[in-house]
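**Q** Just so you know, the protein sequences line up as chains C and U, in that order.
Quick note: the first sequence uses the numbering used here, first residue 346, plus one each step.
Quick note: the second sequence uses the numbering used here, first residue 346, plus one each step.
Think of the hints as simulated: they come from the structure by calculation, not from any bench.
Careful: at least some of the hints might be erroneous.
When chains are identical, the list treats them as one kind, so a pair holds in a single copy or across two.
To be verified - The calculated lysine-lysine pairs, modelled on DSBU-like cross-linking and capped at a C-alpha distance of 30 Å, are:
1. Lys745 to Lys614
2. Lys718 to Lys745
3. Lys374 to Lys637
4. Lys726 to Lys402
5. Lys369 to Lys402
6. Lys726 to Lys464
7. Lys745 to Lys464
8. Lys464 to Lys718
9. Lys614 to Lys402
Given the structure is predicted, the values throughout are model-derived calculations rather than measurements.
Each chain, written out:
2 protein chains.
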Amino acid sequence: MKQIRGGVTAAKGFSAAGTAAGIKYQDRKDMAMIYSEVPCRAAGTFTTNLVKAAPVKWDQQVVYGTKQAQAVVVNAGIANACTGEEGMGCCRATAQKAGELLGIPAEQVLVASTGVIGKQLPVDRIRGGVEALVPALAGSLEGGHDAALAIMTTDTHEKEVAAAFTAGGVTVTIGGMCKGSGMIHPNMCTMLSFVTTDAAISQELLQEALRADVEDTYNMISVDGDTSTNDTCLLLANGMAGNPEITEKNEDYRAFCEALHFVNETLAKEMAGDGEGATALFEVRVVGAATKEQAKVLSKSVVTSSLTKAAIYGHDANWGRILCAMGYSGAEFDPERVDLFFESAAGRIRLISDGVAVDYSEEEATRILSEPKVTAIADIKMGDAEATAWGCDLTYDYVKINADYRS
Amino acid sequence: MKQIRGGVTAAKGFSAAGTAAGIKYQDRKDMAMIYSEVPCRAAGTFTTNLVKAAPVKWDQQVVYGTKQAQAVVVNAGIANACTGEEGMGCCRATAQKAGELLGIPAEQVLVASTGVIGKQLPVDRIRGGVEALVPALAGSLEGGHDAALAIMTTDTHEKEVAAAFTAGGVTVTIGGMCKGSGMIHPNMCTMLSFVTTDAAISQELLQEALRADVEDTYNMISVDGDTSTNDTCLLLANGMAGNPEITEKNEDYRAFCEALHFVNETLAKEMAGDGEGATALFEVRVVGAATKEQAKVLSKSVVTSSLTKAAIYGHDANWGRILCAMGYSGAEFDPERVDLFFESAAGRIRLISDGVAVDYSEEEATRILSEPKVTAIADIKMGDAEATAWGCDLTYDYVKINADYRS
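Using the sequences plus the hints, can you model the full thing?
**A** Quick look at the structure:
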């Protein structure tokens, strides 16, 4: 597997576009479309929030129903959540318009929205956006790039990645784009992720691969512990690579999963590092765990701790907050056996041994914590399992963005 | 029951003092002592964090062991958490010194600490503090007040309350003080609460009353979702009111519970409203619930949502964030039946009916949200149960305090 340039248009047969439809933002692209020349097998994972936005309900009907799709229409600015029957009607109208212009059934058009909750989408502008997007569809790097720009909300930069691998002697490509700052993050910062591949693979394995990988990637990031009403991850496979169809968990499937994981993890880390107001990507690795589940619970608890996040912003080696967050996570471990380290491009430093502070240099710790990517590593000495979670620091700008956002 | 002036010295036989021992802070009181003329029955509840500070372990031995105590020694500035055997030794040395000077067994001295995790307490200064505190003990309002000032960390004001009620024809008094900003809040802002009463009551009922009431008061507040290593709530009863001993759940017990609840709820709300950096007390009431537990889960989820808290700071009626936080709480309800209101001294406004926005004035909503105490009320129309949680807004100052705290 190797990384290649591009995003959702990297795989054969996929084109994309972005346009300024004036949904909420002015003077910027705010609608995107992804299209495949041929129908795709569709897989998806969605928010676990009881309050599900209309586009989530629409997509679930597709992904759990016919499991087939050929296009995706996305808008930024309004989430189409808590919008009742009118909101569902807007999803239908969007899919119908796109289906009509693309010459495909409306039931093969997926939709996604991100933005403020509770406002109705301006259906006429959405229809106008679809009319502008269809002729603009391009299979080039630019087509994918325009789409990646159009789905941003408080994101500071677009997020794209692609990879290629070999299956059955042919090159298979997988690429994706995303926006938002976490599966665990709402409103403006809903996580939306779109991954496309030309792999030939059965829908069952496509869904299984996605569901499993989401647990280790998007579900391991957090910006503020809030789970959006709109979180959506879609994976479309159109089979145009021409590889022998992957129908069992053989070598080709493992190669596919490896590339999928690379794409998902890259996008997930991009989201965490671009969390609202963030100045640093904060990675937490728990090693020496008895089970992976235990390591996940512990690492996620640290990465969601407001106090730890504020300390990272302050470049303060306040390890007590990390041990504290592990302690209230609900996972069992012996605090008096924990070793803790900080690591970054500037070096590595041990802070505690067997739960008690060692004599370390605060100056060196601050230097290590002043990098744009900082890792905390906790060894709990119970076994061989481990897990990694990603988040970001908590800054003045996070408060500013979210106190000022709607008004 | 009526509220009276005072705090931990309001009840008969209790005296208290505060002193500047130079533990960490300069030029301010940072050690306090509470003393009862006669041995008390002791009840307590403690942090659920797996990482428990040394004083928590010491107090658990007392409260779950002899269940009897006569004095409490508290320090602010260093938490004595993650300090291993040396930390436990410091608790023992503190209790021994206090016991020696007060003429009581060391095993009847409770200790509590709040402040930075991982640093050892300076034992000599602690001993010096105890030597200064014993002769300063006073049963006056001032004695209690000095103690309340000495236990503060990032608190902006001291927190005291007292109440009196009648049991068996005699007046019984209960009073308390606390610091910190939440049962769910660590480090500097560990919650410490000390309640004293001259009620004659069995230790079993004392503990039961405290344990039950903590669930509805301290455990319903949150500042940032972090649970400290040091959270401690102690309740001492010395029987000096002379009431017939409360040994069953009769009318006297109910009067005691009512007064205890008043004291605990007042202190809990004071802590939430004085959360780090807070400009407003944020109250969330969930009504119409099927069960109290369901209402608690929902109200606590809203009050801990960073995005909701930031919106409260911005005086922004961003109700979507509230519905979103209810949705990911894990409690079942029908989002399409929810009514939501904001209420404050400036009025009351309905925002959503049956899960969909009503036509309300943003201007009026902002006016209501600009008060120092703001309440969100969600009616989920499933039954008659309800619960209230308290928190505060998320502000620039929260980040400032916690990014700069240790350095």
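**Q** Taking the hints in turn, state whether each one holds.
**A** Hint-by-hint comparison with the structure:
1. Proximity of Lys745 to Lys614 under the C-alpha cut-off of 30 Å is found in both arrangements, the shortest distances being 23 Å within a copy and 26 Å between copies.
2. In the homo-oligomer, the alpha carbons of Lys718 and Lys745 lie at most 30 Å apart both inside one protomer (23 Å) and across protomers (21 Å), since each shortest distance falls under that limit.
3. Within a single copy, Lys374 and Lys637 get their C-alpha atoms no closer than 41 Å, and across copies no closer than 47 Å, so neither meets the 30 Å cut-off.
4. Taking identical chains as interchangeable, the C-alpha atoms of Lys726 and Lys402 lie at most 30 Å apart only when they sit on different chains, with a minimum of 23 Å there against 44 Å within one chain.
5. For the identical chains of this complex, Lys369 and Lys402 are intra-copy neighbours only, at 23 Å inside a copy versus 55 Å across copies, given an alpha-carbon limit of 30 Å.
6. In this assembly of identical chains, Lys726 and Lys464 lie within 30 Å of each other by CA distance solely across copies; the values are 23 Å between and 50 Å within a copy.
7. With identical chains, the CA atoms of Lys745 and Lys464 are at most 30 Å apart within one copy only, with a shortest distance of 22 Å there and 34 Å across copies.
8. In this assembly of identical chains, the alpha carbons of Lys464 and Lys718 lie at most 30 Å apart only when taken from different copies (27 Å versus 37 Å within one copy).
9. For the homomeric pair Lys614 and Lys402, the shortest alpha-carbon distance inside one copy (27 Å) is at most 30 Å, but the shortest distance between copies (40 Å) is not.
In summary, the one numbered hint that this structure violates is 3.
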